[in-house]
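Student: Taking the hints into account, I'd like the entire structure generated from these sequences.
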Amino acid sequence: MKKKNKTALIFGVTGQDGAYLSKFLLKKNYVVHGVKRRHSSINTYRIDDIYRDQFGKKKNFQLHYGDVTDSLSIHNIIKKVKPNEIYNLAAQSHVAVSFELPEYTTNADALGTLRILETIVKIDKNIKFYQAGSSEMFGKVVESPQNEKTPFYPRSPYGAAKLYSHWITINYREAYKLFACNGILFNHESPLRGETFVTKKIVSGLCRIKNGNQKKLYLGNLYAKRDWGHAEDYVEAMWKILQHNMADDFVISTGKQYSIKQFINMVAKQLSMKLKWKGAGINEKAYDENKNCVIECNIKYFRKSEVDTLQGDYSKAKKILKWKPKHNINSLIKDMVDHELNLLFK
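The C-terminal position of the sequence shown is numbered 346 in the numbering used here, with every residue numbered one higher than the one before it.
Hints were generated in silico from the structure; no laboratory data involved. Where a beta carbon is used, it is the ideal one built from N, C-alpha and C, also for glycine.
Below, in silico cross-link-like pairs of lysine-lysine (DSSO-like), each with a Cα-Cα straight-line distance of 27 Å or less:
#1 K122 to K177
#2 K334 to K269
#3 K200 to K326
#4 K140 to K200
#5 K240 to K79
#6 K28 to K59
#7 K200 to K304
#8 K225 to K319
#9 K240 to K23
#10 K80 to K177
#11 K215 to K285
#12 K201 to K225
#13 K79 to K4
#14 K23 to K3
#15 K291 to K261
#16 K4 to K125
#17 K319 to K256
#18 K28 to K4
#19 K334 to K291
#20 K326 to K256
#21 K28 to K318
#22 K324 to K225
#23 K285 to K256
#24 K80 to K240
#25 K28 to K82
#26 K80 to K122
#27 K27 to K6
#28 K201 to K256
#29 K324 to K149
If you anchor each label on the Cβ, the simulated ranges turn out as follows:
#30 Q262 to K215: 20 to 28 Å
#31 K278 to Q243: 50 to 58 Å
#32 I123 to W277: 54 to 62 Å
#33 P102 to F197: 18 to 26 Å
#34 Y65 to I123: 14 to 22 Å
#35 Y65 to K4: 21 to 29 Å
#36 N283 to Q262: 14 to 22 Å
#37 D338 to P151: 37 to 45 Å
#38 G212 to A280: 23 to 31 Å
Tutor: Quick look at the structure:
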């Protein structure tokens, strides 16, 4: 008898991680269902290469309208799809925006997880559940690098909402014996990263400056340090977490960190741009070979409460899941720069 393909349901399918995860699971012969919010404009560009509308022939990838802030839509979709695995990647994921929209961020990022877990309990406790955690939960770090046992200290409504999701997932795992897991993912980037995230902003800005389409790039804190990986690697870790023989929580990272300024310099090097830095603090600026100021700091891009340093220790995932990142910072930047230049030249 032919073995039935597994079915996965992805909340947040139109985002960076949702797109990479969809493609990864399709290669694993999954039937993939994605949940997207109703929008007046088409927002499926990240999955256009695998997306077909209801009249198409792509039966192994389907989209459904829904929202993690709406319990009824969550219940109806899970009941209809009957998934083996659910990946909750849906979130208001911009830290700065979470200060402007703290209530909405909490509704989507914290209560959204609760709604999915409650639905799993009511419909089918055998569904495996993955919750997308964030290194922002560590916030004001008490030790470095950070692992699964490091105390949390979130510094934003986003980080606090993600922390609720982390603990409610553990709570439901213990209370209802669910196969519910947390992936504590450190910063992961790609050509599909949203335009407002700092890495995409830097790559896009410097490519446009190099090409003569933009004169200056405005940024915030140049000395915040992050652990940057490639989203393509990290979605494989999500899948591996749900294939493990027991539900558990894992830090996913590269173990290396770089400052925003170092990231800028590496992007500039990839573009054969020579930058010269002058000044300090808010007055620090970068100049090109023609002595034009191309990067400047602006107070509006500084966080209300800064997370100065994040660096993950993924040794548990390496030992138990046999996972490690395939990309390094240079291959990540090359991937992002090549993609951006291709868009510009088109």
